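Undergrad: These are the residues of each chain, in order.
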Amino acid sequence: MTSPTKKDKQIGDVIIQIRNIHKQFRTPRGVVHALRDVSLDIRTGEVVTVIGPSGSGKSTLLRCINRLETFDRGDIVVDGIPLHGAKNINRIRAEVGMVFQSFNLFPHLTVLENIMLAQRVVRKRANTASKEKAMELLGRVGIPDKADVHPSQLSGGQQQRVAIARALAMDPKIMLFDEPTSALDPEMINEVLDVMMALAFGGMTMVVVSHEMGFARAASDRTIFMDSGMIVEQNTPDNLFDNPQHDRTKLFLSKIL
Amino acid sequence: MGQSTKANVPPPVPELIQEPPTVPDLLLGMARRVPWWAVLLFLLIFWVGIDMLNDQNDRDILDWLADRPEVNTDELYDVVYEVKTEVLLVSETVRVRGLDDTSVTVPIQQVVSQEDGVINCPEDAPEGCLSQRGVVVTYQDFENANRESPNGTVETKGLRTGVVGPLVRVTLADGVQTVVAPNDILSEEEGVLACDAIAVPDCASLSGQIVTFNRPYSLRQGIRVRADARIRHLEDGYEITIRPNRILSRREGTLECSPNATPDCVPTPVTYVVYPEKIIGTELRGDDDKEVQVRTVEQQTVQISRSRIINMEVGTVTCDRSEDPRCQDYEGTIVSVSGETFSGRLSTESASQYDIILEGDAEATEFERRDIQEEIRNPDDCTSTDADGCEITITMNDSTVAGRIIADNDSGVTIETVPEKIVTLRKSDIYSTTARTYKTCALNNPRGCNAGIWLTIIVTLSAFSLALLIGLLMGLFRVSSNPIFYHLSTFYVELVRGVPLLVILLYFAFVVSPQMRDADGIIGDITHPIYDTLTKIEVQVLGNESFLAEAVIGLAVGYGAFLAEVFRAGIQSVSRGQTEAARSLGMSYFQSMRHVILPQAIRTVLPPLGNDFIAMLKDSSLIAILALPELLQQGRLYSTRTFQAIPAYNAVAIFYIVMTLSLSLMVRAVERRSRLP
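Here the protein sequences come in this chain order: A and B.
So the first sequence is residues 0 to 256, counted in numbering that gives the first Met the number 0.
So the second sequence is residues 0 to 676, counted in numbering that gives the first Met the number 0.
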């Protein structure tokens, strides 16, 4: 039996172009420089994992890509549309799916309604079409029997899989994952990673903030190490993990391995 | 090996055996779910229900219905018909002084002739009457007609004095209003009056009818103010003043001379106007498509002490057709009453009337000389000009009171005069019909009236709906990132929360509402269209103009501030992640509010909203200060009328408790249903 690997897919043109972005947070205690002159190109079909210590700006970078967070200088071009001053930000966001650390499912809606809502409201799909799509995605993430329960009745892993299905329902070109497994019990991490890996091998462009070494090695094409708001080092996951070049990377890896 | 695998298999879990619950268990379970105060509530409702059935007023209604099997409960209500009635616009008047020194204002249409001449004293005139020279006005006198010639009018003569025509009210360039005598007016024309920018720096020019008039040493100009219209009913000569915007149409016409007018009388050009006249009554059965018959009742209660009754008999009460040509005779009791006696010090006397300072009074009371049957003076033949004063005792004429006796006891009788009339209205003339209550409102008769509990519920429901709208809008503004919206709503919340609700109610009733009534700042002219609409609703609900709209808006504005804070807290209680998730899916701000944030926020705020609703139901009693007949006001009226404070306020309290406890039950049920799994 041959399961698909990352070798089977094709890497295409640049879809996310990040050019010299800066981001500062103004807090009562002073200014925090979250991103300093970050530049990055991500190609269609590429899976990029971002690692780094807490506060290194990796989540901020991710959230800048669909402008949940604004940036001060530089520009990000997603699918040919510059984000800086983009009027139709909601159209860009619909093309960029996002999965959060804390799932953020809508607790007042059932699993099915969670997946259908944005399809109906944003994509203006008919009720039947969106329901069909939702059921198909629930099948893909492996919980078609939970369609009519509320999110609070699901386990963490199941909730995160619903969240992935909800993002996929919009047919996004890019998927962003913000530490999707760090709020999960260890026994549930794998069920989520399996879904993500299947997605990666299917050719989805993905940016994943995660410290799951196994996932990074198996599914990602490139791993980026960030610290203090800067990209310190980037390489293929095997090279980065086995043969880090930078002292900061070595120190970080020695702590998490 | 085999042993160990066997030991690892857990023993089968015995299945839970579910027995169907027994009936006593079920009943016990249901009884436990009902809170003890709900039991109390049902007992109270039961008590109040029994009390209502025992109520005299309800019994009257039931008796009344039992006597008339042919009627249905529709006839518990009177209907207010507004009928297009053609009336005479009384524009010009003449001020006329009679020989007895009394002045009357006579509409120009009643004037038969005006010419220079002399009025001579009649033969029976009191001493000291002098013939007078001047412009002699001969006019139709309706007032004296009833007494002296029942089937027509008499003509009275008098000297013209003072102003001819009505005073004209004008607004000057500096905004000050003044009145101008019509003979001072030089010209009138349509135009714009430039304002006096030196006197009033930020004034606006006025446009309208410019009146140029004489003032000592100068000519001045002002804009004519549309005044209330004085109208005279054609059938009975009854005059009233109406607001100019009530006039539906105008028609120019002529008023023919009366049959006994002098030969040189010429028909007078007059203006007829049509206005919606209110006719209140019960609709009678058997009307056809074109006409409707209405029985109008205008009852008046008269109390007569036993000592003054001369005679009482049952008979046909003939009504005074000269006063009301549409009235009909009816069976009733006719009571002859001896005239009352008054005594006091004579202050002034003229040919037609006495002014007497009655014992114990500071001011003089007027008595018409013709109503007096007998007078005794002390000392004899004294006059009002005597230095020592003049004690006088007068006995009024005997009179008759006719009607139905409603109370007869040792002290006297109480008679309800019932000039019952049947009026036939053409359906095409009916301008509007409004249902109105028939029975007086009793405290515990919520069916019979638009007051009491009914009004409390109506006011609370409408005010709370409005407050919900205001609160939701202001709550959204409070979490808005737009600084204008944020500061606007914060200002509103802080302002309104700092002012007592009672003050807000009074403010809306006596500050905002009068301002709206005079949209252009001139009393009695154009009203704000919103004000007109609200007044129409008030008339629909209560049958007359009142402070209902002001009360509802005041309560809503007062509670809107609290609800805004409740909604703000509810919206902020939804985690940021929810917004981010919704926005990351491509929803706009409003879509995420509508589909994700608000549905969750509403669930959080339902308990405080329910509390606020109950609080508003209780606070609606504050509107009693605006004289609205809601529950508390009805209780107060009942208490002051009967001096039975204990049952009155007990009933008020019980009604409030019944309403608030039922609401509490409803709020609990809603909360339980809306809870997320």
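Hints in this document: simulated from the structure, not taken from any laboratory.
All values derive from a computational prediction rather than experimental measurement.
Built from N, CA and C at the ideal position, the CB exists for glycine as well.
Where hints are given, some of them may not hold.
[Said to hold, decoys possible] Here's a subset of chain A near chain B, in silico, CB distances under 7 Å, partners left out:
id, residue
1, L61
2, T69
3, R92
4, A93
5, M97
6, P106
7, T109
8, L116
9, A117
10, V231
11, T235
12, N238
13, F240
14, N242
[What the hints assert, rightly or not] Mimicking EDC-like on lysine to aspartate or glutamate, the simulated pairs with C-alpha atoms at most 20 Å apart in a straight line are:
id, chain 1, residue 1, chain 2, residue 2
15, A, K254, A, D220
16, A, K86, B, E312
17, A, K172, B, E564
Undergrad: Indicate, hint by hint, whether the structure satisfies it.
TA: Each hint, compared with the structure:
| no. | hint | result |
| --- | --- | --- |
| 1 | L61 | violated (11 Å) |
| 2 | T69 | violated (12 Å) |
| 3 | R92 | holds (4 Å) |
| 4 | A93 | holds (3 Å) |
| 5 | M97 | holds (4 Å) |
| 6 | P106 | holds (6 Å) |
| 7 | T109 | violated (10 Å) |
| 8 | L116 | holds (6 Å) |
| 9 | A117 | holds (4 Å) |
| 10 | V231 | violated (27 Å) |
| 11 | T235 | violated (29 Å) |
| 12 | N238 | violated (32 Å) |
| 13 | F240 | violated (30 Å) |
| 14 | N242 | violated (36 Å) |
| 15 | K254/A / D220/A | violated (23 Å) |
| 16 | K86/A / E312/B | violated (93 Å) |
| 17 | K172/A / E564/B | violated (41 Å) |
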